[in-house]
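A.B. asks: One letter stands for each residue in the lines below.
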Amino acid sequence: MLDRIASLGRLGLDIVASLGRSGRFLGGVLAGVPRPVSGFPLLVKQIYAVGVLSLAIVVVSGLFIGMVLGLQGYTILSDYGSESAIGQMIALTLVRELGPVVTALLFAGRAGSALTAEIGLMKATEQLSSMEMMGVDPLRRVIAPRLWAGFIAMPILAVIFSVVGIWGGMLVGVEWLGVFEGSFWGNMQSSVDFLDDVMNGVIKSVVFGFVCAWIAVFQGYDCVPTSAGISSATTKTVVYSSLAVLGLDFVLTAVMFGDF
Amino acid sequence: MGSTAYISLKDVVFSRSGRRIFDGITLDIPRGKITAIMGPSGTGKTTLLRLIGGQLRPDTGSVQVDGHEVPRLKRKALYALREKMGMLFQSGALFTDLSVFENVAFPLRVHTKLPEDMIHDIVLMKLEAVGLRGARHLMPSELSGGMTRRVALARSIALDPELIMYDEPFAGQDPIAMGVLVKLIRDLNSSMGLTSVLVSHDVPESLSICHYACIIADGKVIGEGTPEELKAHPSDQVQQFLQGQPDGPVPFHYPADDASRDFGLGGA
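For the record, the sequence lines run as chains Y and D. Residues in the first sequence are numbered from 525 upward in steps of one, following the working numbering. Residues in the second sequence are numbered from 18 upward in steps of one, following the working numbering.
Rather than coming from a laboratory, the hints here were simulated on the basis of the structure. Keep in mind that this is a model prediction, so the values were computed, not measured. Warning: the hint list may mix true and false statements.
Computed far set for chain D versus chain Y, every beta-carbon distance over 12 Å [said to hold, decoys possible]: (1) 36; (2) 63; (3) 67; (4) 100; (5) 161; (6) 164; (7) 182; (8) 228; (9) 229; (10) 248; (11) 256; (12) 263; (13) 269.
Straight-line C-alpha distance at most 20 Å; calculated EDC-like pairs for lysine to aspartate or glutamate [what the hints assert, rightly or not]: (14) D:91 - Y:642; (15) D:93 - D:83; (16) D:62 - D:219; (17) D:200 - D:235; (18) D:101 - D:45; (19) D:27 - D:45; (20) Y:569 - Y:642; (21) Y:569 - D:119; (22) Y:569 - D:114; (23) D:130 - D:159; (24) Y:569 - Y:717; (25) D:93 - Y:661; (26) D:101 - Y:661; (27) D:237 - D:45; (28) D:130 - Y:661.
Not the full set, but computed from the structure, chain D residues with beta-carbon under 7 Å of chain Y [claimed, not checked]: (29) 99; (30) 106; (31) 112; (32) 116; (33) 148; (34) 221.
All C-beta atoms in this analysis are idealised placements derived from N, C-alpha and C, irrespective of residue type, glycine included.
Produce the complete structure using the sequences and hints provided.
C.D. replies: Quick look at the structure:
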């Protein structure tokens, strides 16, 4: 019994210590003065790695999710004879919720895990140590560009996801199932508000991008530098990011749309 | 040695994960010479290099490099001091996303504002010194283990450091690669006037090139001196290590319970 209480206490201490380390780590990354000349090419390279290379999975997922929304929406709405509202249903679902959330989950799986594994392997092969010994701070040289790249790429990916999803919904709803095109777009235009819906969705994706990138780079930097350590850090990245995204999504949705 | 010491450790105590690795170690490393630090695996030889480089801080005691008290240096001063240090890691630690040329150019690009053609010339000179000028276009994944270490060596001398630390440079090398590294370490030391610290457990190679050696075991220096002095050292533990005897002061058997009990023999 006492052992269990002790192990619970140890677990609690570990969690608090890890939170403290990640906070200090974030401070160290953000404290550095950005150097536009030398830092910019590094940032562009990372935006390519985490953003452009994630495009394929984001576009394909967006297309299919939009198409499924079109199908399901049509089936449900036609029961009430209101299938012309399918446009606004697809757009609101995507822009407010599915765009930011699903993109963040895909981002954690595709880019976050890659970031963790890359940084973890750099640690295991002493590349980070050798950088330190050359008088170069790896937090600024390696970590900062990756963190900022995630932060910048994620909202753009979420917007692309929503756009492609709406197009996919239109393909199914209008082209296939024969909803009148005018009402599809017209309903969407009249019901989707730029500030309340689109911008709130973008704010969500900015938060998710930051959290996912932070978790990914921290897990890589903090991992035990062995193959088992890197594998567990990569798993943790995906699990923690997904949970953080879903939890934060609830909180943000309650704050943004919960006028009860 | 006194004033000629480039690195001076005094009563350094260092523990990690509850295990005491150094228990009051005191050591002077002379300027402009090759000093070998030897000892069995797991005695903290690499940790010693990290203490000198300021990547770790001792619990108590003093670590001085060129008159600077390393553990007390502020971040900026520490990074400035590190520009005068080169370190060759056991794995080479080349940046895997950069070519051989770019790896060697890395410290130059970060720390200097030299024009591109000058960086080009310096990099080729450093690569020529390690015999790999022709390999400049290769990626680290295309290099053999010995070549990796030579490139890493070229990178660590790119900024013409005053001190270079070698972490197990001979481990896992074939005889030719080992011969090349021995020659490079000796030549670089004499031609550049470097202070070299060599951490290794390859006794013959280390003793053949060092001016001064010390043996660490159990968190302490158990023997030090010139290679000749060490070979004549009275301590049994030093002799066991130098001659590679399987049993002696360091026992062959890991401490265990009475064998008869483990095998279920004998009365109880």
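A.B. asks: Compare the structure with each hint and give your call.
C.D. replies: Results for each hint:
no. : hint          : verdict
1   : 36            : holds (16 Å)
2   : 63            : violated (10 Å)
3   : 67            : violated (8 Å)
4   : 100           : violated (5 Å)
5   : 161           : holds (16 Å)
6   : 164           : holds (16 Å)
7   : 182           : violated (8 Å)
8   : 228           : holds (24 Å)
9   : 229           : holds (23 Å)
10  : 248           : holds (33 Å)
11  : 256           : holds (33 Å)
12  : 263           : holds (29 Å)
13  : 269           : holds (28 Å)
14  : D:91 - Y:642  : violated (29 Å)
15  : D:93 - D:83   : holds (16 Å)
16  : D:62 - D:219  : holds (13 Å)
17  : D:200 - D:235 : violated (31 Å)
18  : D:101 - D:45  : holds (18 Å)
19  : D:27 - D:45   : holds (8 Å)
20  : Y:569 - Y:642 : holds (14 Å)
21  : Y:569 - D:119 : holds (16 Å)
22  : Y:569 - D:114 : holds (12 Å)
23  : D:130 - D:159 : violated (30 Å)
24  : Y:569 - Y:717 : violated (35 Å)
25  : D:93 - Y:661  : holds (10 Å)
26  : D:101 - Y:661 : holds (16 Å)
27  : D:237 - D:45  : holds (13 Å)
28  : D:130 - Y:661 : holds (18 Å)
29  : 99            : holds (4 Å)
30  : 106           : holds (4 Å)
31  : 112           : holds (6 Å)
32  : 116           : violated (15 Å)
33  : 148           : violated (21 Å)
34  : 221           : violated (26 Å)
Violation of the numbered hints given earlier is confined to hints 2, 3, 4, 7, 14, 17, 23, 24, 32, 33 and 34; the remaining hints are satisfied by the structure.
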